[in-house]
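Number of protein chains: 2
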Amino acid sequence: MQAVIIGSGNVATFLGRLFIQKGGKVLQVVSRNLNHAQKLAVQLNCNVDDLSGTIDPSADVYIIAVADDAIESVLTHVPNNNKLVVHVSGAASINLLKNVSNNYGILYPLQSLRKEIDTIPEIPFLIDANNAEALAQIKDIASKLSTMVHIATDEERKRLHVAAVFVNNFTNHLYSQAAYFCEKENINFNLLKPLIFETAARLAHLHPRTLQTGPAKRNDIKTFQQHQEILANYPSLLELYKTCTESIQQFNDKE
Amino acid sequence: MQAVIIGSGNVATFLGRLFIQKGGKVLQVVSRNLNHAQKLAVQLNCNVDDLSGTIDPSADVYIIAVADDAIESVLTHVPNNNKLVVHVSGAASINLLKNVSNNYGILYPLQSLRKEIDTIPEIPFLIDANNAEALAQIKDIASKLSTMVHIATDEERKRLHVAAVFVNNFTNHLYSQAAYFCEKENINFNLLKPLIFETAARLAHLHPRTLQTGPAKRNDIKTFQQHQEILANYPSLLELYKTCTESIQQFNDKE
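Sequences listed follow chains A and B, in order. Numbering of the first sequence is given in my numbering, commencing with residue 12 and proceeding in unit increments. Numbering of the second sequence is given in my numbering, commencing with residue 12 and proceeding in unit increments.
Fair warning: there could be bad hints in the mix.
Because identical chains cannot be distinguished in the list, a pair is counted as satisfied if it fits within a single copy or across any two copies.
Each computed BS3-like pair below joins lysine-lysine, with the alpha-carbon atoms no more than 27 Å apart [to be verified]: (1) Lys228 with Lys265; (2) Lys204 with Lys126; (3) Lys228 with Lys204; (4) Lys50 with Lys155; (5) Lys265 with Lys195; (6) Lys195 with Lys233; (7) Lys150 with Lys33; (8) Lys228 with Lys109; (9) Lys36 with Lys150; (10) Lys33 with Lys233; (11) Lys265 with Lys109; (12) Lys109 with Lys195; (13) Lys195 with Lys253; (14) Lys233 with Lys50.
The hints are simulated quantities; they were obtained by calculation from the structure and are not laboratory data.
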């Protein structure tokens, strides 16, 4: 299986690494950012182009791993020979690809991928395609890259993308706010890391609903007041504290 | 080292297990809830009392592991012989113990402990004491239980407790809301677990601030609108979405 990767960011880098690790070959990395593309091409031992030249027409699959709003503009560069074309976006529609090939689809890694981190985490792939043959091909590729492969429509993928914003972006923001508070208060954020790891890890065994603890869950008004006094000089933390506390209380009421 | 544990909840259970695992001996579990106390006493192979009888006066340390607002009421039962007395609370003052012994302090496990989970996670202990001798004793106990032992005043401990609410209670609530949304939308929450694990795990190497990604970080207004449409029937999720998004944007501006 031979691929051309269009893009040179985090997802392009991770997919490229994973692809060759699992026995595939990357023929070419194509990116507007020639500097990034060259760095990735060295890792993947392949050719490179900056969208001004020709994209290799001999690949089995063209993987478009660019920002959502750049997908349409790079499509004009993809060889018009009905090879398989996929994009890797959680939010962009499969229909963006309908004029580029007769065989197209989605290969969306539902994971936060950062090229500066070398270890490859478990990556669920959500896939979709415009016909059965393309779907079989994408399923074959995804199954080589991961043991978690699920077919998902545009609508299902968009919903998982929203949920991912909650468990990744918002969760990480809570970590950031806690770290900011610790730095300002001269206390050691590292002491919280075992708690952070455990809070996530135990979801392997238990539903988060059954794991909710703390003053909001107990409706412990005395502790709310103490906490809000401690946060008095941190309006941004205070706002999150109040919103999350009320949200937990409303959730309690639904039980 | 011989201990009496007062309490039979999650923290009492975990500390008891850890204490005997590290070569200590628990003489007695004392709890208002005799049923819970008996279950724990079986695990720890020790005596049991429901606060109506006598607490064993021969222990080296009395560990008070009850809810914050129950600490004062159980103190009247502790033998008045100046043995070491500690409580395990993140929010309650060390001064609660000043009339019970000449040697007292804090042994606070900064971890979320659930007795139904058998594996023991890494547990940082925050310790404090009323005199140098008691502090040395508590440090000795804590160092047998964990490699992460830090001295912290009431004020430092309270601040870490607030930060812990953010990274544990609020984070877990985001997981719960995402799970709720997935259940209602008939999509598979398990697909998000690798992302949840990775979001936490990479804090081992990188600061959360450098790991922030997503539409709020990019100020991607088109995606906000799409996400808010998807969440239109979920007022509680929508409220969290707006607050967290605004909070991330304000945090961006501080950079």
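Results for each hint:
no., hint, in the structure
1, Lys228 with Lys265, "within (12 Å within a copy, 32 Å between copies)"
2, Lys204 with Lys126, "both (22 Å within a copy, 20 Å between copies)"
3, Lys228 with Lys204, "both (22 Å within a copy, 23 Å between copies)"
4, Lys50 with Lys155, "within (25 Å within a copy, 48 Å between copies)"
5, Lys265 with Lys195, "between (37 Å within a copy, 14 Å between copies)"
6, Lys195 with Lys233, "within (25 Å within a copy, 34 Å between copies)"
7, Lys150 with Lys33, "within (14 Å within a copy, 50 Å between copies)"
8, Lys228 with Lys109, "neither (49 Å within a copy, 30 Å between copies)"
9, Lys36 with Lys150, "within (17 Å within a copy, 56 Å between copies)"
10, Lys33 with Lys233, "neither (56 Å within a copy, 36 Å between copies)"
11, Lys265 with Lys109, "neither (44 Å within a copy, 42 Å between copies)"
12, Lys109 with Lys195, "neither (52 Å within a copy, 31 Å between copies)"
13, Lys195 with Lys253, "both (20 Å within a copy, 26 Å between copies)"
14, Lys233 with Lys50, "neither (56 Å within a copy, 31 Å between copies)"
In summary, the numbered hints that this structure violates are 8, 10, 11, 12, 14.
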